[in-house]
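Participant: This is what each chain is made of:
6 protein chains.
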Amino acid sequence: MATVRLLTDEEAGAEALAVFDDIRAKRQTDYVNNFWRALAHDPATLKATWERAQVVMAPGALDPLVKEPVYIAVSTANGCDYCVHSHTASARAKGMTPTQYGELLAVIAMAAQTNVLATALSVPVDDRFKA
Amino acid sequence: MATVRLLTDEEAGAEALAVFDDIRAKRQTDYVNNFWRALAHDPATLKATWERAQVVMAPGALDPLVKEPVYIAVSTANGCDYCVHSHTASARAKGMTPTQYGELLAVIAMAAQTNVLATALSVPVDDRFKA
Amino acid sequence: MATVRLLTDEEAGAEALAVFDDIRAKRQTDYVNNFWRALAHDPATLKATWERAQVVMAPGALDPLVKEPVYIAVSTANGCDYCVHSHTASARAKGMTPTQYGELLAVIAMAAQTNVLATALSVPVDDRFKA
Amino acid sequence: MATVRLLTDEEAGAEALAVFDDIRAKRQTDYVNNFWRALAHDPATLKATWERAQVVMAPGALDPLVKEPVYIAVSTANGCDYCVHSHTASARAKGMTPTQYGELLAVIAMAAQTNVLATALSVPVDDRFKA
Amino acid sequence: MATVRLLTDEEAGAEALAVFDDIRAKRQTDYVNNFWRALAHDPATLKATWERAQVVMAPGALDPLVKEPVYIAVSTANGCDYCVHSHTASARAKGMTPTQYGELLAVIAMAAQTNVLATALSVPVDDRFKA
Amino acid sequence: MATVRLLTDEEAGAEALAVFDDIRAKRQTDYVNNFWRALAHDPATLKATWERAQVVMAPGALDPLVKEPVYIAVSTANGCDYCVHSHTASARAKGMTPTQYGELLAVIAMAAQTNVLATALSVPVDDRFKA
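Protein chains in written order, with this note's numbering: chain X, 1 to 131; chain D, 1 to 131; chain C, 1 to 131; chain F, 1 to 131; chain Y, 1 to 131; chain S, 1 to 131.
Isolated chain X (complex conformation) (with noise of 0.2 Å):
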């Protein structure tokens, strides 16, 4: 499908070739991504993202073990397909377990159910929640 073509390493520009050079050599391998071959076409928007990208899901005060089910949980929430399938290959990659990947659906479904009933009921937000 897609709106764009994805640009091959050959019809990418000088600035977004750069872009798929740095993210080779940060994550070792040969492999671009779909997303960033998409994103090649607006180079100023492709490099503002992977640098943007590469702070926020660095180590932190949260693991990167936090950071990913994070990061499905509002892809799911949104209904992104392609995010949804990078940060769940990306997560079992940096160690999910079958295990967690089960509780981490569950977690979702139940947040997902309690916002509906919560947005149906309207429910007033008690006063100790606030900040």
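It is worth saying that the hints were derived from the structure and are not from the lab.
Warning: the hint list may mix true and false statements.
What the hints assert, rightly or not - Computed spacing ranges between beta-carbons, pair by pair:
| id | chain 1 | residue 1 | chain 2 | residue 2 | range |
| --- | --- | --- | --- | --- | --- |
| 1 | F | A25 | X | D22 | 52 to 58 Å |
| 2 | S | Q54 | Y | A18 | 49 to 55 Å |
| 3 | X | V55 | Y | A18 | 55 to 61 Å |
| 4 | C | D30 | Y | A131 | 37 to 43 Å |
Claimed, not checked - Derived DSSO-like pairs: lysine-lysine, alpha-carbon spacing no greater than 27 Å straight-line:
| id | chain 1 | residue 1 | chain 2 | residue 2 |
| --- | --- | --- | --- | --- |
| 5 | Y | K47 | S | K26 |
| 6 | X | K47 | X | K26 |
| 7 | X | K130 | S | K47 |
| 8 | Y | K94 | Y | K47 |
| 9 | Y | K130 | S | K130 |
| 10 | S | K26 | S | K94 |
| 11 | Y | K94 | C | K26 |
| 12 | D | K26 | D | K47 |
| 13 | D | K94 | D | K26 |
| 14 | S | K130 | Y | K94 |
| 15 | Y | K26 | C | K26 |
| 16 | D | K130 | X | K26 |
| 17 | C | K47 | C | K94 |
| 18 | S | K130 | Y | K26 |
| 19 | X | K130 | X | K26 |
| 20 | S | K47 | S | K26 |
| 21 | D | K26 | X | K130 |
| 22 | D | K130 | F | K26 |
| 23 | D | K94 | X | K130 |
Even for Gly, the Cβ is constructed at its ideal location relative to N, Cα and C.
Starting from the known structure of chain X, fit chains D, C, F, Y and S onto it as the hints suggest.
Facilitator: Just chains D, C, F, Y and S, lined up with the frame of chain X:
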């Protein structure tokens, strides 16, 4: 606001009151938050939701400090203000630090922006991401 | 809140006022609710929305007590607090009982949770479900 | 696509297989659809989801021909393609006519458009719509 | 996929065919795209949707090159793959350049990320932003 | 409401205060709106968001009076009340007329309704719309 009145202990029926009591016992608090008081109009759903929540949110292969951030992430993506407040409070009660909270918001924001980019470009899923 | 002022009868232009009068006549009430008073800044959209709503929400092959629950369901999933309130009130005015309301919320919650499970797992559609 | 393999009867564990058998028995069919086969990697969630679904979707104060349209509505608003297909098929199997389906889509579309109008205008909820 | 068959001219009833013919005439093309062929099962909704679309999307105080980007933005946020494709094609046909498309995606991504930040923080609306 | 306190100039750290000052300088106003005061708890995200926003929202191939309507459209579809208010105010400050605003809302509503129709029908994308 609310589309139903929040039921006090006096107004709740026996089945709902038993759930309120269980919430108080399990959480070791006198406080029953508004979500449960709104749900109390339908004791069967109140009971099923409370019981499922305990199973799903219990410590397991994923730590509560993974589960609560995931819950916040889903609630944010779904725009549930009540759930955002209650689970941010819950995550803090379980030890989420301000730095962790900052990182959580950054991951949610990163996911939200790549979600729309992938969706707008309709990027095809890479074969290697498929099971 | 509101991004526009709610127009009173005195402030509304002739075209908007004609819609207000039609709302009062068709609903046999003196009350024009806030949604229409906000829309009145754009009389063409006000008129088109009101006229389409009458066609769509009229009794037909589906009973109003099917249509209103569907409206509540969509409004809940979309997180529209105004619409949740107005159509919950409307459903009650048309005879929705507390028990029916409880079942409605349970179905909405069930759908929301299986929606995220199917999306997170990216379950392929069974051939037999395709037209 | 799918982020997990769909489990055949042979691959499913004993607990998952028992759910498959219950699905076949209750639905009086040999067919177990993909959703359950994907969920079978986590037998506890599979079982909890199937059991809750039976309670929630059973005929009650709301007819199955109210519940299925509500399910389709939520699934549509959440953009769950799998759920849209499976519950449209289910609604038809339970007797939804083409005319009813047409009216259902018209109500969903009406709700979606007024949802965004009310949200964009941030229309305050009328006092009379509050509980 | 589709939950209904796409109707050919031969299969469409007289009322639907008249809309197909109007689409061809207004757009000066022989091609009727899949959306309308799917909607043709319900000629009344087909006609109402087509007629309203012409009014709303016509050049007015906003240029078509404002309206199409807005349409793409909404369709992206709602995760409607069909609409993303058809309106990206439409925007290009009306003159949207690759640079404009790149900027459009950047704005959509910016909005998506600040939307979740504001929602997760539940930032109160400044008085000066209220009407 | 808010899940964090809005930081005053006195409470903000040096890095956050520098961003506040830059906002005041660039916008030529003394006022720093609530969004930035809430984000100030995480100065790194505050700075990254403000800097990216300036790049993305600057006049370019798309006029600010295209970018702001797109921002309103995404914020509406995502149900972000804060963002709807702040960007409606911003669009007006940049010259959006009431007539343009009315047309914008009509396009958003049109898109929302065709989004759900295409999703509920799961209309396959026409080959000619693919890149």
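Participant: Against this structure, judge whether each hint is valid.
Facilitator: Evaluation of the provided hints:
1. About 56 Å separates the C-beta atoms of F/A25 and X/D22, a value consistent with the hinted range of 52 to 58 Å.
2. Our hint of 49 to 55 Å for S/Q54 and Y/A18 holds, since their Cβ atoms are close to 51 Å apart.
3. Separated by about 57 Å at the C-beta atoms, X/V55 and Y/A18 satisfy the suggested range of 55 to 61 Å.
4. Checked against the given bound of 37 to 43 Å, the beta carbons of C/D30 and Y/A131, roughly 25 Å apart, lie outside it.
5. Proposed proximity of Y/K47 and S/K26 is contradicted: the alpha carbons are some 49 Å apart, above 27 Å.
6. Taking the CA atoms of X/K47 and X/K26, the gap is about 14 Å. The hint holds against a cut of 27 Å.
7. Only pairs whose Cα atoms come within 27 Å are accepted, and X/K130 paired with S/K47 is accepted, the gap being roughly 25 Å.
8. A distance of roughly 24 Å separates the Cα atoms of Y/K94 and Y/K47; the hinted pair therefore holds under the 27 Å criterion.
9. At roughly 42 Å between alpha-carbon atoms, Y/K130 and S/K130 are farther apart than 27 Å, so this suggested pair is violated.
10. About 15 Å separates the Cα atoms of S/K26 and S/K94, which keeps this hinted pair within 27 Å; it holds.
11. Using a Cα cut-off of 27 Å, the hinted pair Y/K94 and C/K26 is violated, with the two alpha carbons roughly 42 Å apart.
12. Distance hint between D/K26 and D/K47 is fulfilled; the C-alpha atoms sit about 14 Å from each other, no more than 27 Å.
13. The suggested pairing of D/K94 with D/K26 holds, with an alpha-carbon distance near 15 Å, which does not exceed 27 Å.
14. About 16 Å separates the Cα atoms of S/K130 and Y/K94, which keeps this hinted pair within 27 Å; it holds.
15. Restraint check for Y/K26 and C/K26: not satisfied, since their Cα atoms lie roughly 36 Å apart, outside the 27 Å limit.
16. The hinted pair formed by D/K130 and X/K26 meets the criterion: a straight-line CA distance of about 23 Å does not exceed 27 Å.
17. For a cut-off of 27 Å, the pair hint linking C/K47 to C/K94 stands: about 24 Å separates their Cα positions.
18. Annotation: proposed proximity of S/K130 to Y/K26 holds, straight-line Cα distance about 23 Å (limit 27 Å).
19. Of the supplied pair hints, the one linking X/K130 and X/K26 is violated, its CA atoms being roughly 41 Å apart against a limit of 27 Å.
20. Distance hint between S/K47 and S/K26 is fulfilled; the C-alpha atoms sit about 14 Å from each other, no more than 27 Å.
21. Proposed proximity of D/K26 and X/K130 is supported: the alpha carbons are some 23 Å apart, at most 27 Å.
22. Between the alpha carbons of D/K130 and F/K26 the distance comes to roughly 32 Å, so the proposed pair goes past 27 Å and is violated.
23. Proximity of D/K94 to X/K130 is assessed by CA-CA distance (about 16 Å); at most 27 Å being required, the pair is judged to hold.
When held up to the earlier numbered hints, the structure conflicts with 4, 5, 9, 11, 15, 19 and 22 and fits the remainder.
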